[in-house]
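Engineer: Put chain B on the given structure of chain A with help from the hints.
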Amino acid sequence: MSSGELVIEDLCAGIPGREILKGVSLTVRSGEVHAVMGPNGCGKSTLAHVLMGRPGYEVLSGRVTLDGVDLLALPTWQRARAGLFLAMQHPIEVPGVTLVDALGAGRPDVPADEVGPQFKPVDERLAEQADRIGFDRRFLERPLNVDLSGGERKRNETLQMTVLEPRFAVLDEIDSGLDVDALAAVGRRVLEATAEWGLGVLAITHFRRLLDVLPPDVVHVMADGKVVATGDRSLADLVDKSGYAGYR
Amino acid sequence: MPLADPPALDGPSWMNERRTASRQALAEARWPTSRDEVWRYSRIDEFDRDRFTPARRSGVVDAGVGRSLSEQVHALAGEFGPRSALLVTLDGVLTTVSSTLAGDVAYIGKLADSSDGEVLIASTVGGAKDFVLMNDVECIDPLLIDVGEGCNIADPVVVIHVVTGEEGSATFPRTVVRVKAGGHLALVEAVVDVHSPLLRPTSTNVLATPPGERMVAPVTELVLDENATLDYVGIQSLSGATWQFAHQSSRIDAGAVMRSFVVALGGNYARLRTDSLLMGQGGRSELRAAFIGRDDQMLDFRTLQDHAAPKTVSDLLFMGAVTDRAHSVYSGLIRVRNGAVKSDARQTNHNLVLNEGAHADSVPNLDILENDVACSHGSTVGPVDEDQLYYLASRGIEPGEAERLIVGGFFASIAEQTPVAGTQALIARALAARTELAHD
Chain A
1352 MSSGELVIED LCAGIPGREI LKGVSLTVRS GEVHAVMGPN GCGKSTLAHV
1402 LMGRPGYEVL SGRVTLDGVD LLALPTWQRA RAGLFLAMQH PIEVPGVTLV
1452 DALGAGRPDV PADEVGPQFK PVDERLAEQA DRIGFDRRFL ERPLNVDLSG
1502 GERKRNETLQ MTVLEPRFAV LDEIDSGLDV DALAAVGRRV LEATAEWGLG
1552 VLAITHFRRL LDVLPPDVVH VMADGKVVAT GDRSLADLVD KSGYAGYR
Chain B
-9 MPLADPPALD GPSWMNERRT ASRQALAEAR WPTSRDEVWR YSRIDEFDRD
41 RFTPARRSGV VDAGVGRSLS EQVHALAGEF GPRSALLVTL DGVLTTVSST
91 LAGDVAYIGK LADSSDGEVL IASTVGGAKD FVLMNDVECI DPLLIDVGEG
141 CNIADPVVVI HVVTGEEGSA TFPRTVVRVK AGGHLALVEA VVDVHSPLLR
191 PTSTNVLATP PGERMVAPVT ELVLDENATL DYVGIQSLSG ATWQFAHQSS
241 RIDAGAVMRS FVVALGGNYA RLRTDSLLMG QGGRSELRAA FIGRDDQMLD
291 FRTLQDHAAP KTVSDLLFMG AVTDRAHSVY SGLIRVRNGA VKSDARQTNH
341 NLVLNEGAHA DSVPNLDILE NDVACSHGST VGPVDEDQLY YLASRGIEPG
391 EAERLIVGGF FASIAEQTPV AGTQALIARA LAARTELAHD
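Chains as they are written, first to last, in my numbering: chain A, 1352 to 1599; chain B, -9 to 430.
Excised from the complex, chain A in its bound form (with noise of 0.2 Å):
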């Protein structure tokens, strides 16, 4: 089990021309799940990409660190090696590349002794995973996001997470599209990473349902680019009563 965290330090960024983040911050330590609520438009979304150095975005000031590295210093990829996982609340189609292509380029840096007894070949981990999250294997052979129901996608994303095994995942939306069985599975699997091997999360989410299978340590409330309320569990359940009108 790793110890360590992701600290968002007074983070402003945006599109150019449109600051977007005024000012966020967060830290979220291994093992913990955070849920960051807010109305549409608050910038929650961006948050998501601003972390993983999505182009178009640009930071103005502030830190985020994961386990002290700089992350603003790095570009996307080395983010994820350096253990930064994004499910994307809309996966991109890529024709052609599998899943098994896609995670084997993705970790080729890594020696079997180093990840421990766990490791396996990246098919057999991927089948192994899929059984877990109810995603059909059949899926595993086909172009990644080519052919996918949004909740087909979505599970997609998790199993991509259980794989790679990074220390802080983003959720951006990850209950979106998704049903009542879907999002139980994907919930459930989340959790269990949170035991397994100490994942940090970041759940970006409207709705509170997506809480009830993962349940946050930490509820963060956004409003116009900032953390306007941070508390427990019952936070979230007072947004899902009152709504965000008070937040504004």
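Among the hints, erroneous ones may be present.
[Stated by the list, open to error] Simulated pairs of lysine to aspartate or glutamate, DMTMM-like, Cα-Cα distance not exceeding 25 Å:
#1 Lys1471/A to Glu391/B
#2 Lys1577/A to Asp1421/A
#3 Lys170/B to Glu108/B
#4 Lys1373/A to Asp1575/A
#5 Lys119/B to Asp26/B
#6 Lys1471/A to Glu388/B
None of these hints come from the bench; they were simulated from the model.
Structural biologist: What follows is chain B alone, placed relative to chain A:
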């Protein structure tokens, strides 16, 4: 070009009469220039036909070379798995015919020896011009594959045209195919030269030993009678300074289905014109192509989806990549003639431009004379998709490797659409090899 006098080539009298007539037509015709719409963007102005002389091999090459070449050609044919027949031409001369098919299933051999040859040749290329006329004059042994009514040839007939000609030589392969009513044929046709990596799998760089300038002008004619099915795969793997002017034309009758898949790999200037005429109700034409241009290569595709009957369907997808200083052109026309109601035409062209020196042109055109039709066309030209790169990067894949995966995936997604299953591995491998080269 010093064209053949009629007595210089063998054949029945009707064939020599055709040669004479075509020779006359060629002499009278104005030679095209890049100002002609169908030659826009092309290198036709740089092509000097007087520099080329028809290769007239006896079909016999140096014994040592011949044996190893023959082995290489058979090895290539073997890559496609079980086959029904093999035809090999050497600089236009038929040198090998081996067939497991009974005569009442299919005629396979020289077109000149078939009683239907005279009516079938040029039956799909009305108003033949320039390079098709040259082929009319100079093709030595036009081939005919004529499949009987209701006969099913599932294991492919394999045709390999080998170009051995030296600098300044011109070669004119011709293949005529007819599938009679209700018949089915799988056909693989390859045009290669002795430097092709397909014949020399040990050679890693197709352009490492460029031969001198030469030209090849293949013509392939595909005739589908009612309810016939043709699965056609064409592979072009020429090398070095070769000029290729290829012409594929098909005529598809009622209820017939043609699935064509073309892979263009080599040549310096390699042009393929693809004309598909849907002349009977409910006919269907699926046209696929995959191509990779590198170095100073130019790959030039012109297509015509010609709907002349009701409820006809055409579905075109051409996908390619260019790198180095290579240039590709895709120019396609969908024509829906009067009366071709309820037709459905689709045309898609995707181009990856892998570096700044490379260039791709994509020019869709529509000529629709009916209202009650469905037509769509779309094209993309650009570098590897930024979102796809980002997605793979978010999985820890460094940019060079991500681009290799995406380009590989791009071609894998088209290679799997080959209508002749036995060709998929070779197509995928040839495209991958060329993609790898593009990243050196």
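Engineer: Next, verify each hint and record whether it holds.
Structural biologist: Verification of the supplied hints:
no.: 1; hint: Lys1471/A to Glu391/B; verdict: 22 Å, holds
no.: 2; hint: Lys1577/A to Asp1421/A; verdict: 21 Å, holds
no.: 3; hint: Lys170/B to Glu108/B; verdict: 16 Å, holds
no.: 4; hint: Lys1373/A to Asp1575/A; verdict: 8 Å, holds
no.: 5; hint: Lys119/B to Asp26/B; verdict: 13 Å, holds
no.: 6; hint: Lys1471/A to Glu388/B; verdict: 22 Å, holds
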